[in-house]
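Undergrad: Next come the chains, spelled out residue by residue.
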Amino acid sequence: MSFLKRFAENRGALLGLVILAAIVFVALAAPVLSPTDPWATQGRPLLPPGSDFVLGTDMLGRDVLAGIIHGARISLWIGVLSTVVAVVIGVSIGALAGFFGGWVDDVLVRVVEFFQTIPSFIFAILLVAILTPGLTSIVVAIAVVTWPPIARLARSEFMSLRSREFVEAAVLSGVSRGRIMLAEVLPNAVSPLIVMGSLMIATAILTESALSFLGLGDPNRISWGYMIGAARTVFRQAWWLSVFPGLAIVLTVLAINLVGEGLNDALNPHLKGRIGLER
Amino acid sequence: MRPQRTINRWATGLAAAAVALAVSGAAAQAEPQRGGTLNSTLWPEPPGIVIGINLNAPTLLPSTKIFEGLLTYDFQLNPQPMLAESWEVSEDGLTYTFNLRDDVTWHDGEPFTSQDVVYTLTEFIPEVHARSRPTFARAKVEAPDDHTVVLTLEEPYGPLIRSFDAIGAPIVPEHVYAGSDIRENPVNRSPIGTGPFKFSEWKSGEYIHLVRNDDYYLDGRPYLDEIYYRFIPDSASRALALETGQVQLATQNDIELVDLGRLEAMPHLEVTTKGWEWGAPISWLEMNHRREPFGDVRFRKAVMYALDHAFIRDNIFFGYAKVPTGPIHSSSPFYTDDVVTYEHDPDKARALLDEMGLTPDGDGVRAEIGLLGLPYGELWDRLSQYIKQALGEVGVEVTLEASDVAGWGSRIANWDVDMSTTYLTTLSDPALGVARSYITDNQKKGVLFTNTAGYSNPEVDRLFAEAASEPNHEKRLEMYHEVQKIIADEVALAWLAELQWPTVHDAKLKNVVRNGLGPNDNFAEAYFEQ
Amino acid sequence: MRQLGFLVGWLVKALVVVLAITILNFLLIRLAPGDPAIVMAGEAGAADERFLAQIRSDFGLDRPLLVQLGIYLKNVLTLDLGQSYRNQRAVVDMLFERLPATLLLTGSAYLFALVFGPLLGAIAAMKARTVYDSALMVVALFFYATPIFWVGLLLILVFSVQLGWLPPFGMQSLIPVEGTLARTLDILRHLILPAVTLGLFYVAVYVRLTRASMLETATLDYVKTARAKGLPEWRVATAHILRTALLPIITFAGLQAGHLVGGAIVVETVFAWPGIGRLAFDALFQRDYNLLLGVFLLSALMVVFFNMVTDILLRVADPRIGSRA
Chain A
44 MSFLKRFAEN RGALLGLVIL AAIVFVALAA PVLSPTDPWA TQGRPLLPPG SDFVLGTDML
104 GRDVLAGIIH GARISLWIGV LSTVVAVVIG VSIGALAGFF GGWVDDVLVR VVEFFQTIPS
164 FIFAILLVAI LTPGLTSIVV AIAVVTWPPI ARLARSEFMS LRSREFVEAA VLSGVSRGRI
224 MLAEVLPNAV SPLIVMGSLM IATAILTESA LSFLGLGDPN RISWGYMIGA ARTVFRQAWW
284 LSVFPGLAIV LTVLAINLVG EGLNDALNPH LKGRIGLER
Chain B
37 MRPQRTINRW ATGLAAAAVA LAVSGAAAQA EPQRGGTLNS TLWPEPPGIV IGINLNAPTL
97 LPSTKIFEGL LTYDFQLNPQ PMLAESWEVS EDGLTYTFNL RDDVTWHDGE PFTSQDVVYT
157 LTEFIPEVHA RSRPTFARAK VEAPDDHTVV LTLEEPYGPL IRSFDAIGAP IVPEHVYAGS
217 DIRENPVNRS PIGTGPFKFS EWKSGEYIHL VRNDDYYLDG RPYLDEIYYR FIPDSASRAL
277 ALETGQVQLA TQNDIELVDL GRLEAMPHLE VTTKGWEWGA PISWLEMNHR REPFGDVRFR
337 KAVMYALDHA FIRDNIFFGY AKVPTGPIHS SSPFYTDDVV TYEHDPDKAR ALLDEMGLTP
397 DGDGVRAEIG LLGLPYGELW DRLSQYIKQA LGEVGVEVTL EASDVAGWGS RIANWDVDMS
457 TTYLTTLSDP ALGVARSYIT DNQKKGVLFT NTAGYSNPEV DRLFAEAASE PNHEKRLEMY
517 HEVQKIIADE VALAWLAELQ WPTVHDAKLK NVVRNGLGPN DNFAEAYFEQ
Chain C
3 MRQLGFLVGW LVKALVVVLA ITILNFLLIR LAPGDPAIVM AGEAGAADER FLAQIRSDFG
63 LDRPLLVQLG IYLKNVLTLD LGQSYRNQRA VVDMLFERLP ATLLLTGSAY LFALVFGPLL
123 GAIAAMKART VYDSALMVVA LFFYATPIFW VGLLLILVFS VQLGWLPPFG MQSLIPVEGT
183 LARTLDILRH LILPAVTLGL FYVAVYVRLT RASMLETATL DYVKTARAKG LPEWRVATAH
243 ILRTALLPII TFAGLQAGHL VGGAIVVETV FAWPGIGRLA FDALFQRDYN LLLGVFLLSA
303 LMVVFFNMVT DILLRVADPR IGSRA
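From first to last, the protein sequence lines are chains A, B and C.
Throughout the first sequence, residue numbering follows the numbering used here, covering 44 to 322 in sequence.
Throughout the second sequence, residue numbering follows the numbering used here, covering 37 to 566 in sequence.
Throughout the third sequence, residue numbering follows the numbering used here, covering 3 to 327 in sequence.
No wet-lab data here; the hints were simulated from the structure.
Quick caveat: nothing in here was measured; it's all calculated off a predicted structure.
We put the CB at the ideal spot given by N, CA and C, even for glycine.
Check each hint, because a few of them may be wrong.
As the list claims (entries may be wrong) - Have a look at the derived ranges for each label pair, beta carbon to beta carbon:
no.: 1; chain 1: B; residue 1: R326; chain 2: C; residue 2: R185; range: 55 to 61 Å
no.: 2; chain 1: C; residue 1: L75; chain 2: B; residue 2: E502; range: 52 to 58 Å
no.: 3; chain 1: B; residue 1: E429; chain 2: A; residue 2: R220; range: 57 to 63 Å
no.: 4; chain 1: A; residue 1: A65; chain 2: B; residue 2: E379; range: 45 to 51 Å
no.: 5; chain 1: C; residue 1: N77; chain 2: B; residue 2: H304; range: 50 to 56 Å
no.: 6; chain 1: B; residue 1: G400; chain 2: C; residue 2: V133; range: 54 to 60 Å
no.: 7; chain 1: A; residue 1: R87; chain 2: B; residue 2: H304; range: 25 to 31 Å
no.: 8; chain 1: B; residue 1: H304; chain 2: C; residue 2: L183; range: 30 to 36 Å
no.: 9; chain 1: A; residue 1: V154; chain 2: C; residue 2: A230; range: 46 to 52 Å
no.: 10; chain 1: B; residue 1: N547; chain 2: C; residue 2: V160; range: 38 to 44 Å
no.: 11; chain 1: A; residue 1: L290; chain 2: C; residue 2: V10; range: 50 to 56 Å
no.: 12; chain 1: B; residue 1: E429; chain 2: A; residue 2: V131; range: 39 to 45 Å
As the list claims (entries may be wrong) - With a straight-line cut-off of 20 Å between C-alpha atoms, the simulated EDC-like cross-links for lysine to aspartate or glutamate are:
no.: 13; chain 1: B; residue 1: K481; chain 2: C; residue 2: D64
no.: 14; chain 1: B; residue 1: K521; chain 2: B; residue 2: D497
no.: 15; chain 1: B; residue 1: K544; chain 2: B; residue 2: E565
no.: 16; chain 1: C; residue 1: K129; chain 2: C; residue 2: E218
no.: 17; chain 1: B; residue 1: K544; chain 2: B; residue 2: E300
no.: 18; chain 1: B; residue 1: K481; chain 2: C; residue 2: E51
no.: 19; chain 1: C; residue 1: K15; chain 2: A; residue 2: E156
no.: 20; chain 1: B; residue 1: K310; chain 2: B; residue 2: E300
no.: 21; chain 1: B; residue 1: K511; chain 2: B; residue 2: E127
no.: 22; chain 1: B; residue 1: K521; chain 2: B; residue 2: E379
no.: 23; chain 1: B; residue 1: K337; chain 2: B; residue 2: D374
no.: 24; chain 1: B; residue 1: K480; chain 2: C; residue 2: E51
no.: 25; chain 1: B; residue 1: K239; chain 2: C; residue 2: E180
no.: 26; chain 1: B; residue 1: K239; chain 2: C; residue 2: D95
no.: 27; chain 1: B; residue 1: K544; chain 2: B; residue 2: E279
no.: 28; chain 1: C; residue 1: K15; chain 2: C; residue 2: D313
no.: 29; chain 1: B; residue 1: K480; chain 2: B; residue 2: D452
no.: 30; chain 1: B; residue 1: K481; chain 2: B; residue 2: D454
no.: 31; chain 1: B; residue 1: K546; chain 2: B; residue 2: E561
no.: 32; chain 1: B; residue 1: K337; chain 2: B; residue 2: D383
no.: 33; chain 1: C; residue 1: K15; chain 2: A; residue 2: D149
no.: 34; chain 1: B; residue 1: K481; chain 2: B; residue 2: D452
no.: 35; chain 1: C; residue 1: K15; chain 2: A; residue 2: D148
no.: 36; chain 1: B; residue 1: K544; chain 2: B; residue 2: E561
no.: 37; chain 1: B; residue 1: K239; chain 2: C; residue 2: E99
What the hints assert, rightly or not - Here are some, though not all, of the chain B residues that point toward chain A, as calculated from beta-carbon distances under 8 Å:
no.: 38; residue: A272
no.: 39; residue: V294
no.: 40; residue: D417
Let the sequences and hints guide you as you build the complete structure.
TA: Shown next as structure tokens:
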């Protein structure tokens, strides 16, 4: 109860939750809200907003609104999926390092440091290009460049929990290490990880949009970043092609950040906005 | 008149006089004026500026002002004099005799002689010029005197007479290159030619600067004092530079087609699509005949019927394209429109697919195929998206495959693809630029721009082979017309558009596009109206 | 003596990291599908095997992978990063040619962010839970949530297309103006939009970071003591809170400095800025291996270098860190 209450006290977080819920609804209901293929020509090319098309049409006469509705799916999907992958990688490595310490910790910390040294956005671009642009390669690329902070957080949580009495007791009573990590330690470390993960979704959406903007998106799925990138050559004549998808990105990322901060305040007041700052 | 023809200085002089008369009758043509600096866009920055060592499009534009060929070609691709003032082809089509100008000097002051031509055709081109190497490998080249060159063939070769332009056979100085490693010769960074402009400076990342050749062999020419080829990496900035008058010339892919309407409406700019006749680029959808269902001609026909070529022309290429009818570009003298054509007719497409047994499943899908689009930017992405949508309408579900240029090239060259989009110049003669995409023994795995589709028809092979070595022009015409009929009927490739590369120039800049080489002409005649 | 040991340790570490990055990138790029020789030959209009073979041997593409790696590593040690396939020029030359443009852009953006970010963050913290604070935080959150490329496009729309105040593309006028002063001003005019675009995101980051850090510090005991002693609030804020609160800012600023080149890719693409980021992007699409490796190596070196600078700065700002290590 106290968690919900604390979360609800944060008006920003509530607002974010409402916006986010609306976006998730749009994404889920896209086939109903906009039944036609977003790639299909619907009217004359480059119609300004207002006319028959609320947000106008693009260079091939495709409905911008339909693109934005269907784009919500891909943005959220990639955001969530890549974060899940990053959290799995990060928590596994961080947990091993923090729980076992010693040389295991030394080696894994070196690995994490090494990955933090690689210029992350260039690395993501390279990965997507090598794996050929597509949903999978984008998810993999974003996950590979974003897991290190998660690993660091997981490591410190596991490290401090490792020395707690209930863990020591479990070790002494002969419970297997894997079981202890999963059943005893992880549940106690989960709340900061949830906060960081939620903020990482926002960062992942931004990264996906930047990749798509540069032409490295999945060519079969319409996405907001792609829409902006494709409209670049005409953005002086047809501002609506860039402005609306951009607003969609801002709104989504904003909402997720607000919710993430609300979660942070509600779950662990001691963490205060220290995380999720790297992009 | 065609196979055996002699043109000398007087004859062309007369022709020129006739043209001048006709023009002066219509309007008082202003005298060309000396002076002025031409700023042109050039993108991307070329890797080098010696034609042959490099053959990329951006190399050609500055390089054709420095180097010249024996001949040049008019809009109909008829040969015109350049370094050769006259020439003669023997009746049997086996002997070509060129009479060279005797008043030409190299930019370093040395005289130009037949030895330079022999060196170029027998040493330089075979060593570096990969495109022309096979053409000149057919000929024995001799120089009976300082200003005569004779080429002797084993068997007639139709395209030869259209192979002497500055791009196909740029004449280079023997005294500079002989005995050196041609590719490593330091002169390549500051080349020496015979053209109306001399190399002055190459400022990396900024421009290539050419200056007037004061010793040029044509009196009073060139008219321009200097040319700057400026590297501007962004198409929007290039358009802006034209608008504001900072540059006076842009061509080929330099300007996004979507910007052209705006530029064309500006009073100080002119747009022409002439001048790319030698290149004659055609874009097509290539289907891999080795894979099903593309091996079935009915499927390929269905694809042609499913595509709305007028939509492609108007909405993808913004009108800067023509609907192609087959393998040969409509500006070619060998073109015929007397072939099967494919109007946009989705019902016909569906009927053909039904006939093949490709009936729709529960989701209305008849077949699933991949499309690897040319990764040359947003226009080509839109083309792929249109194809996906148009084929989807007749039940062929297309998955777009993304790639960078290297991946695209490798996959097509290694036949590892369902369908792909591309464009290719079809060049001055079908034997040079067209046959390569259709003849069976040019299926060379691992080599791009060969017959990568895998089309094969012995009759087509025979016609292309005979037409290449047929000395009689009328007979060549007949054979190429026949070839076009067969290939169009069998939809060897799904042709999408004849590209009309625009040349945008300042209205005051005259004589920019005056022959089939267009912006790749040497610009000796270009001038600014004051 | 300890300082020296620290430096040597750092250098060894840096060297290992650079070596590892070089190997990783080399392998990744070589394992990618796509043969640059085919495209080079194709674009040269030269469809024959002989030309292909020649290109491959010119650039060593026909050697075994390990041999190529060995040659590359040996050359890297002598600062020879090879030739760019596409441009037929030395990679080192191309990098150094583009580096000033990128340093100018990222440096300006960085400076812009480091001046305004902590400043506005401190104001927000001192006015915490007032309307100023809320307004600042909303704006900061907005820019924090906005894709950089979109900000760039909007700024161009407003300041170049609509108002016509600032040039939308490039680093200088096409036909360069005469005179050093005029030329400098010309470049500055071109610099404003891209630098602000790149900087705004980081301003937002620093505002949030500074505010959070200051509020946290404000609850610490010695600050409470200072307050209790009756020091004026601004003295408390500047002398006590800000100094401590600076540590996370320095840490973040240092970590982020090395990553600026990556962030610059998008901005350089939007504004046609002739820097390293754009070079990297072009090289990627042309599979210009040597050039790409050069860009990666350079960016990684910058990260390693700035990490070291950060460490040193932190030691200066907070001597406790040195003794902990």
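Undergrad: For each hint, tell me whether it holds in the structure or not.
TA: These are the hints, each one checked on the structure:
no.: 1; hint: R326/B x R185/C: 55 to 61 Å; in the structure: holds, 59 Å
no.: 2; hint: L75/C x E502/B: 52 to 58 Å; in the structure: holds, 56 Å
no.: 3; hint: E429/B x R220/A: 57 to 63 Å; in the structure: holds, 59 Å
no.: 4; hint: A65/A x E379/B: 45 to 51 Å; in the structure: holds, 47 Å
no.: 5; hint: N77/C x H304/B: 50 to 56 Å; in the structure: holds, 51 Å
no.: 6; hint: G400/B x V133/C: 54 to 60 Å; in the structure: holds, 58 Å
no.: 7; hint: R87/A x H304/B: 25 to 31 Å; in the structure: holds, 30 Å
no.: 8; hint: H304/B x L183/C: 30 to 36 Å; in the structure: holds, 31 Å
no.: 9; hint: V154/A x A230/C: 46 to 52 Å; in the structure: holds, 47 Å
no.: 10; hint: N547/B x V160/C: 38 to 44 Å; in the structure: holds, 42 Å
no.: 11; hint: L290/A x V10/C: 50 to 56 Å; in the structure: holds, 53 Å
no.: 12; hint: E429/B x V131/A: 39 to 45 Å; in the structure: holds, 42 Å
no.: 13; hint: K481/B x D64/C; in the structure: holds, 17 Å
no.: 14; hint: K521/B x D497/B; in the structure: holds, 14 Å
no.: 15; hint: K544/B x E565/B; in the structure: holds, 5 Å
no.: 16; hint: K129/C x E218/C; in the structure: holds, 14 Å
no.: 17; hint: K544/B x E300/B; in the structure: holds, 14 Å
no.: 18; hint: K481/B x E51/C; in the structure: holds, 10 Å
no.: 19; hint: K15/C x E156/A; in the structure: holds, 11 Å
no.: 20; hint: K310/B x E300/B; in the structure: holds, 15 Å
no.: 21; hint: K511/B x E127/B; in the structure: holds, 15 Å
no.: 22; hint: K521/B x E379/B; in the structure: holds, 16 Å
no.: 23; hint: K337/B x D374/B; in the structure: holds, 17 Å
no.: 24; hint: K480/B x E51/C; in the structure: holds, 9 Å
no.: 25; hint: K239/B x E180/C; in the structure: holds, 17 Å
no.: 26; hint: K239/B x D95/C; in the structure: holds, 13 Å
no.: 27; hint: K544/B x E279/B; in the structure: holds, 14 Å
no.: 28; hint: K15/C x D313/C; in the structure: holds, 13 Å
no.: 29; hint: K480/B x D452/B; in the structure: holds, 13 Å
no.: 30; hint: K481/B x D454/B; in the structure: holds, 15 Å
no.: 31; hint: K546/B x E561/B; in the structure: holds, 8 Å
no.: 32; hint: K337/B x D383/B; in the structure: holds, 12 Å
no.: 33; hint: K15/C x D149/A; in the structure: holds, 14 Å
no.: 34; hint: K481/B x D452/B; in the structure: holds, 10 Å
no.: 35; hint: K15/C x D148/A; in the structure: holds, 17 Å
no.: 36; hint: K544/B x E561/B; in the structure: holds, 14 Å
no.: 37; hint: K239/B x E99/C; in the structure: holds, 11 Å
no.: 38; hint: A272; in the structure: holds, 7 Å
no.: 39; hint: V294; in the structure: holds, 5 Å
no.: 40; hint: D417; in the structure: holds, 7 Å
Checked against the numbered hints given earlier, the structure satisfies every one of them.
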